[in-house]
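Student: Please build the complete structure, drawing on both the sequences and the hints.
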Amino acid sequence: NAGVTQTPKFQVLKTGQSMTLQCAQDMNHNSMYWYRQDPGMGLRLIYYSASEGTTDKGEVPNGYNVSRLNKREFSLRLESAAPSQTSVYFCASSEAHLSYEQYFGPGTRLTVT
Amino acid sequence: GDSVTQMEGPVTLSEEACLTINCTYTATGYPSLFWYVQYPGEGLQLLLKATKADDKGSNKGFEATYRKETTSFHLEKGSVQVSDSAVYFCALDQNTDKLIFGTGTRLQVFP
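Line by line, the protein sequences are chains A and B. Counting in my numbering, the first sequence runs from 1 upward without gaps. Counting in my numbering, the second sequence runs from 1 upward without gaps.
Treat the hints with care, since some could be wrong.
Within a straight-line C-alpha distance of at most 20 Å, the following computed SDA-like cross-link-like pairs (lysine to any residue) qualify [claimed, not checked]:
| # | chain 1 | residue 1 | chain 2 | residue 2 |
| --- | --- | --- | --- | --- |
| 1 | A | K57 | B | D2 |
| 2 | A | K57 | A | R68 |
| 3 | B | K77 | B | P10 |
| 4 | A | K57 | B | T96 |
| 5 | A | K9 | B | P40 |
| 6 | B | K56 | B | Q45 |
Source of the hints: derived by calculation from the structure; they are not laboratory data.
Tutor: Structure, rendered in C-alpha cells:
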C-alpha cells in the first residue's frame, strides 16, 4: 500500500516549456486534489476532483489544467510554464463523508527559469 | 470568505519545553478543524482533528480544543522533542471536502 505517489520529485523547466505532473493513489478514494506550496502562503488549492470524470477549479487555477484519468490517477499540466509557477506541488486524496482527512504525496519541487 | 490565521514562526524551543501554536479561524457555520504536520522533505500528514465545538483532538502528545466562542484551535504539547521539529499547519473544512490552510508555523527544537 503505497498511499499517494507523485512523479517526478524534482523538475527544472525553462519559461514556455510544458510538463505534466503525475499523481496516483491506491486507497480507492473518490476525491483528489492538487495544491501548491509557497513560502509564507501555506497550501493553496489549484484543482479538485470529487470523482472520476469531474474536476473543479480551486483558489489558483490559472495556468494549469488537470485530467482525472481514472479513479486512481489525477494529473496536473502546465502548458506554458512561467517563473511564477516555481513552487512545490502536492497531490492529495480523501474519501469524502468519512473523516475529511486528506492523504498527501511527497511533493514535486518545480523550478521555472 | 473562510480563513485560518496562524502565529508566525519560527518557534524555537529547547527539548522538554512546553509548546503552544496559536490558530484562529473565520468561518460561517460549523467547520471541522485540523492540524497537519510536515516533516522535512515530506508531504503533510494529519496530526489531529476536531469536528464540533468543545471537542479535543489528540495524538502523539499533542492536543487542541475546538473553541467556538473564541474561534480558536490552538496546538499544545507539554514536552517537545527534537523529533517534533517540523512545520505545523492549521486547517478547516466546511464539510465541503476542501481544506483551507493557514500559512504554517515552523517549530525548531534544540537538544
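Student: Which numbered conditions among the earlier hints are violated in the structure presented, ordered from lowest to highest?
Tutor: Violated hints: none at all, because every hint is consistent with the structure.
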